[in-house]
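K.L.:
This is what each chain is made of:
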Amino acid sequence: MSDTNKEGLFSKSNIKLITNPLNDDNPISVQVLGICSALAVTVQMKNAFVMALSVTAVVAIGNVIISLLRNYIPSRIRIIVQLVVAAALVILVDQILKAYSYDISKQLSVFVGLIITNCILMGRFEAFALGNKPWPSFLDGLGNGFGYGLILMVVAFVRELLGSGKIWGFEILGDPLKKTGVYASGYVNNGFIILAPMALILVGIVIWVQRSINRKLIEK
Amino acid sequence: MEYVNIFIKSLFIDNMVFAYFLGMCSFLAVSKKVSTAVGLGIAVTFVQIITVPLNYLIYKYVLEPGALAWLDPSFASLDLSFLTFILFIASVATMVQLVEMIVEKYSPSLYNSLGIFLPLIAVNCAILGGSLFMQQRVDAGIYSNIGHVTTFALASGLGWAIAIILMAAIRERMEYSHVLAPLRGLGITFIITGLMAIGFMSFGGIDLNAFNQQPEEKVSELVPTKPIEAPVQVLDTLPIIDSLTVDSLKVDSLTVNPLEKSK
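From first to last, the protein sequence lines stand for chains H and G.
Read in my numbering, the first sequence has 88 at position 88, and its numbers run on one by one without any break.
Residues are numbered in my numbering as their position in the second sequence, beginning at 1, plus a constant of 220.
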């Protein structure tokens with residue numbers, strides 16, 4: 001206890017908990033966690049942002065709860081305890097989404113519920129919150145949520161721009177039906193980008209770019 | 221015949237991995253060896269067949285709005301559907317624990333090779349996702365009895381198993397190929413999965429109605445709707461009109477052309 005009291009709330013090691021998952025320890029491209037939802041909700045940036053926000057909130061709060069309970073959870077049933085905590089938080093998120101942004105909640109469909117089984121949650125609960133104090137766990141949850149959101153936003157940006165010519169729902173390339181803007185010169189939206197396979201290939205390309213820049217992540 | 225429809229649709233067209241990206245974490249992590257992949261595929265199918273019908277019963281008799289009316293008529297106004305997530309995940313976790321005990325007792329070698337991934341089936345998105353899709357489609361009236369739901373569970377589990385076995389076979393071969401350093405491992409796996417998904421998209425062309433209708437009925441239904449002169453006009457005007465209308469006309473000409481032959 002005395003160690004952490006001397007340590008400031010935003011000491012170097014704590015800041016690292018937030019910045020590490022953005023690149024060196026990214027939940028999607030390095031830890032391979034939480035890919036299911038990352039691929040399915042990236043057709044539009046708005047949906048991807050709401051999803052990233054929901055996951056960040058659930059991971060951060062869930063990490064704090066698990067970390068507070070860590071000395072009382074018998075290790076044999078810890079997975080069920082983690083699932084219950086996650087499910088309770090996701091029910092809250094789901095009800096809030098249904099109340100305040102019903103359209104997006106409809107578009108995300110089952111993927112809100114699937115935050116429960118999002119591997120980021122279980123991964124961080126197991127690997128971090130069970131062995132650390134609440135405040136670092138909270139920061140770790142935030143950092144991993146941001147790292148997840150970063151990849152989501154990059155993929156969603158490319159898919160929305162090339163797939164439907166929009167960014168955040170605004171038609172920045174002109175109107176495809178009235179042939180204004182870029183469409184006047186014969187440009188056509190790439191409908192293939194919106195389909196499922198391109199999400200996988202785009203994440204593959206993101207990983208490729210990241211590892212070309214950050215070469216210590218290369219496997220073997 | 222509707223069972224065949226549901227089976228083919230959930231196995232190929234709505235494949236859990238390639239159309240909905242469910243269960244990707246274990247799909248990527250366990251697809252390094254075919255033997256392990258087969259084991260995990262069987263385990264997922266097994267858990268899926270047990271949990272989806274179980275969750276269907278839970279949904280029908282506990283969670284659905286007014287579902288508790290069988291207990292007492294005064295409960296008819298209750299709506300417990302907000303508890304869906306927690307009850308579904310609880311039944312999934314219980315079932316996975318059960319499967320783990322059975323596998324440990326009867327097949328220790330499989331238990332050892334699955335290792336840490338067996339308890340993690342509980343957090344496999346494909347399992348919970350199967351139950352949530354089931355709930356969504358029961359609400360939409362697509363599945364109306366427990367037979368439909370069980371068929372869906374079997375087919376989606378098998379679809380997941382097929383996907384992971386294919387992937388493992390490709391990755392075993394790829395051990396000896398030269399892959400760019402930054403793509404090695406995870407990156408190339410993603411891209412291969414994407415290419416396989418493109419392949420699976422071609423199953424979308426399966427005409428599911430073909431199982432339900434006799435060929436004679438099909439022709440007799442279509443004949444009165446279109447005049448035979450229509451395709452000639454379409455061909456005349458084709459060069460002038462723009463791409464959007466061409467798409468809609470192409471559909472017309474496709475449906476009309478077979479009729480000409482039958483005449």
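Each hint should be verified, as a subset may be incorrect.
What the hints assert, rightly or not - Label-pair ranges, simulated between beta-carbon atoms: (1) G:Leu298 x H:Arg78: 31 to 37 Å; (2) G:Ser397 x H:Lys16: 36 to 42 Å; (3) H:Val84 x G:His398: 33 to 39 Å; (4) G:Leu277 x H:Lys178: 40 to 46 Å; (5) G:Phe295 x H:Val209: 41 to 47 Å; (6) H:Ile218 x G:Ala389: 22 to 28 Å; (7) H:Lys12 x G:Ser364: 55 to 61 Å.
To be verified - If you want the footprint, here are the derived chain G segments under chain H, 3+ residues with CB under 8 Å: (8) 242–255; (9) 362–372.
Hint data in this document are derived by calculation from the structure and do not stem from the laboratory.
Quick reminder that beta carbons are idealized off the backbone N, C-alpha and C, glycines included.
K.L.:
The structure should be examined with respect to each hint, and the outcome stated for every one.
P.N.:
Hint by hint, here is what the structure shows:
no. : hint                            : verdict
1   : G:Leu298 x H:Arg78: 31 to 37 Å  : holds (33 Å)
2   : G:Ser397 x H:Lys16: 36 to 42 Å  : holds (37 Å)
3   : H:Val84 x G:His398: 33 to 39 Å  : violated (47 Å)
4   : G:Leu277 x H:Lys178: 40 to 46 Å : violated (53 Å)
5   : G:Phe295 x H:Val209: 41 to 47 Å : violated (56 Å)
6   : H:Ile218 x G:Ala389: 22 to 28 Å : holds (25 Å)
7   : H:Lys12 x G:Ser364: 55 to 61 Å  : holds (60 Å)
8   : 242–255                         : holds (count 6)
9   : 362–372                         : violated (count 0)
Hints 3, 4, 5 and 9 from the list above are not met by this structure, while the remaining hints are.
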